[in-house]
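A.B. asks: Take 1 as the starting number for the first sequence in my numbering and just add one per residue.
It is worth saying that the hints were derived from the structure and are not from the lab.
All values reported here derive from a predicted model rather than from experimental measurement.
Even for Gly, the Cβ is constructed at its ideal location relative to N, Cα and C.
Be a bit skeptical, because a hint or two may be false.
Taking CB as the label site, the calculated pair distances span [stated by the list, open to error]: (1) A7 / D90: 32 to 38 Å; (2) L79 / R42: 17 to 23 Å; (3) G70 / G32: 31 to 37 Å; (4) G84 / C47: 18 to 24 Å; (5) D90 / G70: 15 to 21 Å; (6) R14 / E74: 19 to 25 Å; (7) Q96 / R15: 16 to 22 Å; (8) D82 / H45: 21 to 27 Å; (9) G91 / A7: 27 to 33 Å; (10) L89 / R4: 39 to 45 Å; (11) Q52 / R4: 17 to 23 Å; (12) D101 / L79: 18 to 24 Å; (13) R103 / R4: 20 to 26 Å.
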Amino acid sequence: MTDRFHALAVATIRRIPEGRVATYGQVATLCGNPRAARQVVRVLHSCSENEQLPWHRVINAKGRISLSPGRGYELQQALLSDEGVEFRLDGSIDLQRFGWDGR
DNA sequence: CTCGTGACTCCCG
DNA sequence: TCGGGAGCCACGA
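All chains should be modelled from the sequences, with the hints used to inform the complete structure.
C.D. replies: Structure representation (structure tokens):
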């Protein structure tokens with residue numbers, strides 16, 4: 001399959017439990033390509049055909065929202081906080097608590 | 001085909 | 001904490 005990564009990424013992202021967050025690298029690794037974080041981003045952009053995709057549960061390795069204010073940052077933060085994810089004063093998330101272990 | 005760009009990540013200093 | 005450089009992959013112009 002040509003889009004196996006895409007399909008795998010979608011499946012993986014859909015597996016992220018509520019109230020938890022996963023990093024791009026995490027998803028990429030579970031898809032078999034630890035270096036394909038950027039491709040995961042593509043998938044998130046392509047979520048048009050998969051609106052069920054919890055894209056808001058995917059953040060960067062720093063535990064922060066990579067989006068810029070006015071580009072969905074507020075939306076993502078709102079969606080996550082609504083699920084019980086706590087943000088620090090600087091807008092970062094404690095991956096030790098809310099990070100998805102991949103199960 | 002080449003080039004630029006991107007919701008990335010790792011390594012160094 | 002911050003910034004620069006390198007790596008990796010896909011897509012559109």
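A.B. asks: Taking each numbered hint in turn, which are not upheld by the structure, reported in ascending numerical order?
C.D. replies: When the structure is compared with the hints, none of them turns out to be violated.
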